[in-house]
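Trainee: Sequence:
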Amino acid sequence: MHPQNTPKVELRTSEDGSSTLYRPDLDEHYHSIHGAIQESMHVFIRAGLLSHQANALNILEVGFGTGLNALLTILHQGKKKVFYHTIERYPLEATIVQSINYPDILDVPTSTEYFKQLHEAPWNKDCEITPAFTIHKEASDLALFTPQKLYNLVYFDAFGPDKQPELWTPEIFKKISESMCEGGVLVTYSCKGTVKRALSAAGMKIEKIPGPPGKREMLRATKI
1 MHPQNTPKVE
11 LRTSEDGSST
21 LYRPDLDEHY
31 HSIHGAIQES
41 MHVFIRAGLL
51 SHQANALNIL
61 EVGFGTGLNA
71 LLTILHQGKK
81 KVFYHTIERY
91 PLEATIVQSI
101 NYPDILDVPT
111 STEYFKQLHE
121 APWNKDCEIT
131 PAFTIHKEAS
141 DLALFTPQKL
151 YNLVYFDAFG
161 PDKQPELWTP
171 EIFKKISESM
181 CEGGVLVTYS
191 CKGTVKRALS
201 AAGMKIEKIP
211 GPPGKREMLR
221 ATKI
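One point on numbering: in the UniProt record's numbering, the residue at position 188 of the sequence shown is 188, and numbering is uninterrupted.
Hints were generated in silico from the structure; no laboratory data involved. Don't take each hint at face value.
Straight-line distance between alpha carbons at most 25 Å, and here's what the computed DSS-like set of lysine-lysine pairs gives [stated by the list, open to error]: (1) K125 / K163; (2) K81 / K116; (3) K79 / K192; (4) K125 / K80; (5) K163 / K149; (6) K215 / K149; (7) K196 / K208; (8) K163 / K175; (9) K8 / K80; (10) K196 / K174; (11) K174 / K149; (12) K175 / K208; (13) K205 / K175; (14) K163 / K192; (15) K205 / K174; (16) K196 / K175; (17) K149 / K205.
Per label pair, the in silico range of CB-to-CB distance [stated by the list, open to error]: (18) I33 / T6: 39 to 49 Å; (19) P24 / A139: 38 to 48 Å; (20) K205 / K8: 34 to 44 Å.
All values reported here derive from a predicted model rather than from experimental measurement. C-beta: ideal position from N, C-alpha, C; glycine also.
All chains should be modelled from the sequences, with the hints used to inform the complete structure.
Mentor: In structure tokens, the structure reads:
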């Protein structure tokens with residue numbers, strides 16, 4: 001599942017020692033250069049997963065990328081049962097995935113096997129990684145994605161609004177909002193005014209909360 005027009009990516013190391021990727025065509029990194037794992041833990045795990053009280057969660061992730069958010073979710077889900085639907089337009093080549101160092105940095109015995117299984121899971125079908133974690137990786141454009149469930153939690157991890165503004169529009173957020181449960185939460189690293197306005201236009205209640213290192217604030221939005 002590797003389209004011929006997949007953009008070139010380069011492996012980089014962020015300040016906490018964990019891998020990120022760089023896309024020269026966008027002049028954009030997949031994660032914060034201040035720390036890939038550090039950013040994902042702050043934005044998506046602590047502000048999203050761990051703040052949600054439900055025993056079972058349907059999670060939608062916009063941007064599977066390196067698989068970091070999925071890996072951290074499976075490591076930190078505790079007793080929650082998770083269905084994880086992730087959308088990625090450009091799946092990574094296996095040679096790139098094999099160079100990513102998250103299992104070494106995390107130093108959790110199960111992380112190596114989970115990371116391997118997450119990336120080897122087939123595209124466009126449900127795949128059970130553990131009895132409590134099922135992933136559905138959809139190789140698709142965000143504008144074309146098909147909701148699999150009503151989502152309790154959304155990790156919005158697309159490239160920045162300055163680089164790919166078409167992914168941060170009121171229309172996109174309205175589509176996502178319509179696929180969320182009442183009270184469902186969306187978390188994203190961006191706190192730009194255009195993003196806040198787009199989320200508000202989609203019927204979401206906006207909350208600014210402290211951002212990860214290198215960013216003063218991030219956004220958490222709730223469907224009302």
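Trainee: Take the hints in turn and mark each one as holding or not.
Mentor: Hints and how they fare:
no. : hint                   : verdict
1   : K125 / K163            : violated (30 Å)
2   : K81 / K116             : holds (20 Å)
3   : K79 / K192             : violated (34 Å)
4   : K125 / K80             : holds (21 Å)
5   : K163 / K149            : violated (29 Å)
6   : K215 / K149            : violated (32 Å)
7   : K196 / K208            : holds (9 Å)
8   : K163 / K175            : holds (21 Å)
9   : K8 / K80               : violated (36 Å)
10  : K196 / K174            : holds (13 Å)
11  : K174 / K149            : holds (16 Å)
12  : K175 / K208            : holds (22 Å)
13  : K205 / K175            : holds (16 Å)
14  : K163 / K192            : holds (13 Å)
15  : K205 / K174            : holds (13 Å)
16  : K196 / K175            : holds (16 Å)
17  : K149 / K205            : holds (21 Å)
18  : I33 / T6: 39 to 49 Å   : violated (23 Å)
19  : P24 / A139: 38 to 48 Å : violated (22 Å)
20  : K205 / K8: 34 to 44 Å  : holds (39 Å)
Checked against the numbered hints given earlier, this structure breaks hints 1, 3, 5, 6, 9, 18 and 19; the rest are met.
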